[in-house]
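Model the placement of chain U on the given structure of chain G, informed by the hints.
Residue numbers (my numbering), protein chains in the order written: chain G, 1040 to 1464; chain U, 1040 to 1464.
Hints were generated in silico from the structure; no laboratory data involved. Nothing here was measured: the structure is a model prediction, and the numbers come from that model. Where a beta carbon is used, it is the ideal one built from N, C-alpha and C, also for glycine. The hints are all genuine.
Label pairs and their in silico Cβ distance ranges:
#: 1; chain 1: G; residue 1: Glu1160; chain 2: U; residue 2: Glu1042; range: 20 to 30 angstroms
#: 2; chain 1: U; residue 1: Ala1065; chain 2: G; residue 2: Lys1225; range: 52 to 62 angstroms
#: 3; chain 1: G; residue 1: Asp1407; chain 2: U; residue 2: Asp1094; range: 40 to 50 angstroms
#: 4; chain 1: U; residue 1: Lys1390; chain 2: G; residue 2: Asp1217; range: 56 to 66 angstroms
#: 5; chain 1: U; residue 1: Ala1065; chain 2: G; residue 2: Ala1367; range: 14 to 24 angstroms
#: 6; chain 1: G; residue 1: Glu1260; chain 2: U; residue 2: Thr1211; range: 43 to 53 angstroms
#: 7; chain 1: U; residue 1: Ser1121; chain 2: G; residue 2: Met1093; range: 47 to 57 angstroms
Protein chains: 2
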Amino acid sequence: MKEVNIAIAGLGVVGGEVARILCNDADRLKRQAGAKLNLVAVSARQVRDRGFSMDGISFAEDAASLANRDDIDIVVELIGRSEGVALDLCRNALKSGKHVVTANKALVAHHGHELAICAEENDTQLCFEAAVAGGIPAIKLLREGLSANDIELVTGILNGTCNYILTEMTQTGRSFDDVLAEAQAKGYAEAEPSFDVDGIDAAHKLAILAAIAYGQKIRFESVQMAGIRNISDTDIGFAADLGYVIKLLGTAARYALPTVQPCLIAQDTQLAKIDGALNAVAYKGSPVQSILCTGPGAGDGPTASAVLADIIDIARGHRAFPFGKPAASLLDADIQKPVDAGRYYLRMMVKDEIGVLNTVTAILRDHDISVESMLQKGRSDNAPVHLVFTTHSTEHAYVRAACNSLSGEKFVAGDILALPIMENV
Amino acid sequence: MKEVNIAIAGLGVVGGEVARILCNDADRLKRQAGAKLNLVAVSARQVRDRGFSMDGISFAEDAASLANRDDIDIVVELIGRSEGVALDLCRNALKSGKHVVTANKALVAHHGHELAICAEENDTQLCFEAAVAGGIPAIKLLREGLSANDIELVTGILNGTCNYILTEMTQTGRSFDDVLAEAQAKGYAEAEPSFDVDGIDAAHKLAILAAIAYGQKIRFESVQMAGIRNISDTDIGFAADLGYVIKLLGTAARYALPTVQPCLIAQDTQLAKIDGALNAVAYKGSPVQSILCTGPGAGDGPTASAVLADIIDIARGHRAFPFGKPAASLLDADIQKPVDAGRYYLRMMVKDEIGVLNTVTAILRDHDISVESMLQKGRSDNAPVHLVFTTHSTEHAYVRAACNSLSGEKFVAGDILALPIMENV
Chain G
1040 MKEVNIAIAG
1050 LGVVGGEVAR
1060 ILCNDADRLK
1070 RQAGAKLNLV
1080 AVSARQVRDR
1090 GFSMDGISFA
1100 EDAASLANRD
1110 DIDIVVELIG
1120 RSEGVALDLC
1130 RNALKSGKHV
1140 VTANKALVAH
1150 HGHELAICAE
1160 ENDTQLCFEA
1170 AVAGGIPAIK
1180 LLREGLSAND
1190 IELVTGILNG
1200 TCNYILTEMT
1210 QTGRSFDDVL
1220 AEAQAKGYAE
1230 AEPSFDVDGI
1240 DAAHKLAILA
1250 AIAYGQKIRF
1260 ESVQMAGIRN
1270 ISDTDIGFAA
1280 DLGYVIKLLG
1290 TAARYALPTV
1300 QPCLIAQDTQ
1310 LAKIDGALNA
1320 VAYKGSPVQS
1330 ILCTGPGAGD
1340 GPTASAVLAD
1350 IIDIARGHRA
1360 FPFGKPAASL
1370 LDADIQKPVD
1380 AGRYYLRMMV
1390 KDEIGVLNTV
1400 TAILRDHDIS
1410 VESMLQKGRS
1420 DNAPVHLVFT
1430 THSTEHAYVR
1440 AACNSLSGEK
1450 FVAGDILALP
1460 IMENV
Chain U
1040 MKEVNIAIAG
1050 LGVVGGEVAR
1060 ILCNDADRLK
1070 RQAGAKLNLV
1080 AVSARQVRDR
1090 GFSMDGISFA
1100 EDAASLANRD
1110 DIDIVVELIG
1120 RSEGVALDLC
1130 RNALKSGKHV
1140 VTANKALVAH
1150 HGHELAICAE
1160 ENDTQLCFEA
1170 AVAGGIPAIK
1180 LLREGLSAND
1190 IELVTGILNG
1200 TCNYILTEMT
1210 QTGRSFDDVL
1220 AEAQAKGYAE
1230 AEPSFDVDGI
1240 DAAHKLAILA
1250 AIAYGQKIRF
1260 ESVQMAGIRN
1270 ISDTDIGFAA
1280 DLGYVIKLLG
1290 TAARYALPTV
1300 QPCLIAQDTQ
1310 LAKIDGALNA
1320 VAYKGSPVQS
1330 ILCTGPGAGD
1340 GPTASAVLAD
1350 IIDIARGHRA
1360 FPFGKPAASL
1370 LDADIQKPVD
1380 AGRYYLRMMV
1390 KDEIGVLNTV
1400 TAILRDHDIS
1410 VESMLQKGRS
1420 DNAPVHLVFT
1430 THSTEHAYVR
1440 AACNSLSGEK
1450 FVAGDILALP
1460 IMENV
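Pulled out of the complex, with its shape left as it was, chain G reads as follows (with noise of 0.2 angstroms):
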């Protein structure tokens, strides 16, 4: 039976989970691959019992050396940053005819592209499934599964740690820095939540559902990205009374800048009710129509299944370019228009004075920007009231003058909120 040698660069939680899985269900792998899986090389900051027996297994004190190693097919490579060791491992390991996998968003965000073109050029495979969605198997969906669509739209819930704020906001109308401290508290968001509440992991993936969707070359730099800090307990009771939850949604739409946002979407929408920390991906396409895949986004053991998934693709035999097709055939993402969900939602605290809602109207009517419906929610006499502007449809640009003209005016107290109403997820 065929053999293939397996190194692990970084054994943190889900290095340690994809060494354990390797040593402790060898027989059950060998049988799904077809052949057998030898953990032959690991490399970590510290020797310590992970929960597998290390015997046979090389230790090796620097993960770079394991790039030039014979007895290796397959680097997988878990350490992360997308600098570095890292891109230097995964580099020199295909440069040196091995195969790469790795669970390294950062990285295929902003090297994918040379890193590809390595690849084939040593006739190797580069696979990053475990980068997008954890445990959801969100790159083969696309790359293989719809592989015969046109794709109109990838959009979804691509941060599990946003989408259990949002969640926990909308669930028990508690404000975004009470959930964020319980969060960070509980171990469910970083001590430095920037990453994730600023919308930049999720960017880093949009980009890689993007490249693959529309054949283009990966490029980190064009995804805009909004995070969720500025959405108040104020914003979720708004859209809630309005029908709609608030969620952060990375959304690549052909013609259009990748984008992550926070976004309104329906109540009674398949991804308005994905909720905690669940990850999900919809993708819109003829002749498809729509595909909703959901599950963990993030753990050991999800992102282990999508790393070991891309291992036993590789001892199949299973060969595929990394972002679908030849990097030779991929086009340059040169669109320069953000995705334009048509309708909005406009949020702004002004002083409760008489003429304010007609000076703001003339300003909405100036930009062409046609109103839907009004909301206005007062805290106390005297003091500042929330208005709230739901839109008909229009274009960004309108809207982002709009709200720059009605920055400028003394009326309005604080930051002017405007999020997309996404109607076709």
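Using the frame of chain G, we list chain U on its own:
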């Protein structure tokens, strides 16, 4: 550039759509597949315009002749039925070294093992993604996407007609007969609805999923089947009162017979929210935890998406065992135990007489069945009343025996309905 020659046998709604896309979207598919996909021959009962040009495409009077032509690489079988022309064509095409793509679930459920052996012996591909859940890549998701998992459970809404009927009954309170008649009038259900409403179609699909999930030889006969004819609007109402919806679920679990049956599932679960003609497949396993995929389970576009994905797989050089593993390594499914859901819903109609309730509860007690809750609803004075129980966790065999015993009582009018309450979906 590589060229792949394709013949389509059967130009119904799906075959026509596959042909149209092959002809009209040839450039897009070429880029996706990395090969030119040429439709070179078709076979159908009659020649007529189907929205694509027949220039350069030969029309075969006899579908069977497609198996023997030297200029064909892939035969797409969309004729239907498990025996006859479809079987002969697939068998002979594989024997003559051609790849076969089919959407024919009955054929695969009954002859999948023989055909898989035939494909392997002739080093050709047998692909049937379109046979399960239409546009949802349910097979690729399981076979490739979740290949590393020890699958605990695969459960799904696999028949859109049944789900449409049950959804309508739930949302409008109408009867099965009434909704079925309307569905037939609208073309959602066949004039002869048995294939759908008696669970046969779902059982075909479940047999395929079970074989792949557990590495077993496909055996349609092992699937336990119950349809939705005996689900009354009363049951739907009782279920709602108890916090459940009724769905026809196909469930394959390790160490249990695959089973298609109406089940109660909690209203707040994801599967409970899959409404109308949608299909959904949920996979539970280790280490992935739980993945759910939903989309259109039938229709020309979604089914064509799956057929074309198989064609593209073949054109890309992707080779897979039809059931995920070599046919010779597939196990005999010799398990006899039905899926045991644990708790049950029992509904009977009884005469409204003194002592009836005491006798019923005695019979349940004598079969070791512990009652969790009871509902009684009378229609009018002296008329039989509905009696509904939910039980604590029990064995399928006990429930069956209790129902048999109850059926022998003179105060019981009509059939007794016993439905499992699925907790873990």
